[in-house]
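Fit chain B to the known structure of chain A by using the hints.
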Amino acid sequence: MSSSLSGGFADPARDASRAFRSCLEAMARPGTLQSVAGLTPPAPLSPAAAAILLTLVDSATPLFLGSSHDTAEVREWLAFHTGAPLVQRADAQFAVGTWSALGALSDYGQGTPDHPDRSATLIVERTALAPPNARLTGPGIKESHETRLPDLDALRLNAAQFPLGVDFYFTAGQELTALPRTTRVEALPCM
Amino acid sequence: MTDQAYNFAYLDEATKRMIRRALLKGLAIPGYQVPFASREMPMPYGWGTGGVQVTAACLTPEDTLKVIDQGADDTTNAVSIRKFFERTAEVATSENTSEATIIQTRHRIPEVPLCEGQILVYQVPIPEPLRFLEPRESETRKMHALSEYGLMHVKLYEDIARHGAIATAYAYPVKVEGHYVMDPSPIPKFDNPKLSDNAAIQLFGAGREQRIYALPPYTQVVSLDFEDHPFEPSKADHACDLCGAETSYLDEVITDDQGSRMFVCSDTNYCTTRQDAGHMGRLNQGEPA
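Protein sequence lines, in the order shown, are assigned to chains A and B. Take the first sequence: its position 164, counting from 1, is numbered 164 in the numbering used here, and each next residue is one higher. Position in the second sequence (from 1) plus 1000 gives the number in the numbering used here.
Only chain A is shown next, with the shape it has when bound in the complex (with noise of 0.2 Å):
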């Protein structure tokens, strides 16, 4: 059997249900390390950000995949297992990328006042999701959350477009966590 019809869900309908719970938790609780198990995608897409892809998008979500990421085997992958149409950066629901692949974020979708959720939402691979750099506050947080990001000031003024702007997935191996837009991001003091 070739590669890209294996390494997706054993049993779609409750393995996506677990991976959903994971994608909800994180995203309502920005910055707190979700784990997902059991995929297999082809190099270099990690099992965490295909476990999102997976998920969410389908034939109905347009979906940009950074340079990093457009691969013969990723591309073949994901259109077994999703079937979502690729498109240039503006017309994307979603994106997967690494951060430097994905460019700057004015290029996405950002919603419009009347219907801010027709915003893109960001999958961005990393090579770790520590040690931490900065500090969240905001919706879904008690008090405050630890958590390592790229590029605090894309980010902060991303959050200061509030109701508009993009979410964030990060991944890296089995674990991901998010950034929504309503989150308040400051840089950590160096240590």
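Among these hints, one or two may not hold up.
To be verified - Examples of chain A residues toward chain B, derived with CB under 10 Å:
hint: 1; residue: Leu24
hint: 2; residue: Ser59
hint: 3; residue: Pro132
hint: 4; residue: Arg135
hint: 5; residue: Gly140
hint: 6; residue: Glu143
Treat the hints as calculated values from the structure; they're not laboratory data. Virtual Cβ for every residue (Gly too), placed ideally from N, Cα, C.
Same frame as chain A, now just chain B:
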């Protein structure tokens, strides 16, 4: 009997993905109503089709589901929704608030404080708090976008001018994190303070009106009011006649045609837990039931 012919939790996977995307955008924009393509469910509108779809999209096989209708676990609506998910998702069910991981509710928030790891799913009839003030969707969208809620304050002011106090007793409008005004569903205003800073995830589903909205945990939710007429959560000025609780929300029950009445906790699980622990009310002095 289990219904193997149905997908896990009844809905097909494409529908669940669509609802799941709406739920995540709802959490990212607290209080904003996300449109979704609500499906026909095997129950009439008004019986919780929105809540059922949200619950179906969230359930995992490991969950324990509790369903309450006006606080009660044993009414027709609650029993049939619980049975529906026992059959289609084979999940465990419970009437115990602290055992449940997902609680679907119609018009109440349980008395026992919720904790992290729990999800409260509200059934919502009319999600738009401005709908009876401004019928045009195009206009209410603009008002939400601009956070322009003068009309709602005029409505509350007219209450005061006419009745001397804000007469709205349920579905009392709230402002979420200083931006969106939201309808908390027809919960009594007694429950409004529990919306704010709650440890659980709160999800709202309106099936007929095709809207989903959400409150992440620890979100600041403020009931609208005026400096000289502050918001007051209210309840019947009695103790529960069965368990003696003085701080729980009460239902008034007419017991004969002479005008006799009793007051009982609307949260049946809270009331029976207290009675089991030995608390007694006016009409329940320990004689065998």
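Hint-by-hint comparison with the structure:
Interface hint at Leu24 (chain A): satisfied, since its Cβ lies 7 Å from the closest Cβ of chain B, which is below the 10 Å cut-off. The beta carbon of Ser59 (chain A) is positioned within 10 Å of a beta carbon in chain B (closest approach about 8 Å), and the interface hint is therefore held. Below 10 Å, beta-carbon pairs count as interface contacts, and Pro132 (chain A) has none with chain B, the closest being about 19 Å; its hint is therefore violated. Because the beta carbon of Arg135 (chain A) sits about 15 Å from the nearest beta carbon in chain B, more than 10 Å, this interface hint is broken.
A hinted interface residue such as Gly140 (chain A) counts as satisfied when its beta carbon comes closer than 10 Å to some beta carbon of chain B; here the least separation is about 4 Å, so the hint holds. For Glu143 (chain A), the shortest C-beta to C-beta distance to chain B is roughly 9 Å, which falls under 10 Å, so the interface hint holds.
Hint violations for this structure: numbers 3 and 4, all remaining hints satisfied.
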